[in-house]
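K.L.:
Keeping the supplied structure of chain A fixed, place chain B upon it in accordance with the hints.
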Amino acid sequence: MLIVQPMERTIHHAGSAVSAPDFSTQQSDEGPDLLVVGVAIGHSDVAPVAADHPDAGERPITSECLDSWLAIARDDTVTLYTGKMELGSSGRTVFTQLVAEYFMDEITSAAGVDPLDFHLTNTPDARDRDLLTTAVRLSACQPIKATKKADAKASTLTGCGIAMSRYGARDERSALVIDVAIEPRAR
Amino acid sequence: MTLTRACSAFDCSRLRNIKELVNQIERALVRGLSRAGHQQASLDRENVTRFNWNDARILTFAELPPVRMHLIPRPDRPWGSLGDAGTVATAAALANAVLDATGKHCGHAPLDPNSVKAII
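Chains as they are written, first to last, in this note's numbering: chain A, 1048 to 1234; chain B, 2 to 121.
Okay, chain B solo, but in the shape it has when bound:
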């Protein structure tokens, strides 16, 4: 599976340092896609039972899709931040893209190549 494009729109409150904001949003995208596609932990009903940072793979530059971004300033709103907001929707967007491409439900996370291949 190849990520061919990622397009983000952000509701930013007031804009101060656009360059740093763009960097932050891109970092959030890398983190979200890495989690959604590669990182895995085992849990029981209350605790994490297995997680190894050595296996928590981060996307490389070569794996990153081209990113298009649009910032919507809201000067009437209080100062805010955006780091985590960029991460939260990533897994859902990726899962929906796989659903659209294959027409099949993949009830498994992470959405790694083996999981996707299994549903085709």
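This is chain A alone, in the form it adopts within the complex:
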């Protein structure tokens, strides 16, 4: 499960050091409970440079560039802490959710697994499972077991997609199923 956690305070720079969220955690006999990776999001100083570019090799990623942290917990929960704030449910939230949920359906499509089954199997939270099953029951969409082949000769292609979100300080949640009909020959 991917959780996006906007940090509610500005990241402070102290010299070359950047204060990360508090990742102090209990350490079990098996080792640390978290693997934390610092990354830079949307920072022009670390824009990719071609290997043959004159600047290649001269733009190291310093700690000042780091503005986000990826915390991978022992229970396979992955939390992205980002200092990039936004107003309301703007692009970053929606696109992050789009990528997370879309990848999930690409995986299930390739594996021939029903997306709902995959969600339910990998969603430990009872509230989330309740939401997902309720939305699918409302839609009465059929289980999806195999990747469809786009048939350009078909008059109409139909499909349904499912996605779930958690959002807001009060942990609001919603699940949504959308059905579409596509006419390949429509102008």
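Please note that a few of the clues may not be correct.
Below, a sample of chain B positions facing chain A; criterion: calculated Cβ distance under 8 Å [stated by the list, open to error]:
1) Arg6
2) Gln25
3) His71
4) Pro76
5) Gly81
6) Ala96
Note that these hints are calculated values from the structure, not bench results.
Even glycine gets a Cβ: it sits at the ideal position worked out from N, Cα and C.
P.N.:
For chain B alone, coordinates are given in the frame of chain A:
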């Protein structure tokens, strides 16, 4: 591409004004579908470089799919709100529906008719 149905389930915390809540959820759905299917902005690595509200089309009533909604009350939880939660998952659900219908990946947003036609 036609949106034929949208089914939403919401975890609502405590319920007070159901009529207003339903209105809010429907507004969020319109906003999310409009963004996912029609609105486009250009960005560089740091800023928005082109966005024109005149081009930010909002779905009309005729384009809206029938909506079915189910509210799950959680009286044991604190008071909350739902406006934005209804928007966030919309683009992902639409992209997954297109993937299911066509069997092809559309790595482009918005998912407008031209983008969908290009992958078929």
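K.L.:
Hint by hint, say whether it matches the structure.
P.N.:
Evaluated hints:
1. Arg6: Hint on B/Arg6: holds, closest Cβ of chain A at ~4 Å, below 8 Å.
2. Gln25: violated, 11 Å
3. His71: holds, 5 Å
4. Pro76: Status violated, d = 14 Å.
5. Gly81: holds, 3 Å
6. Ala96: holds, 5 Å
Hint violations for this structure: numbers 2 and 4, all remaining hints satisfied.
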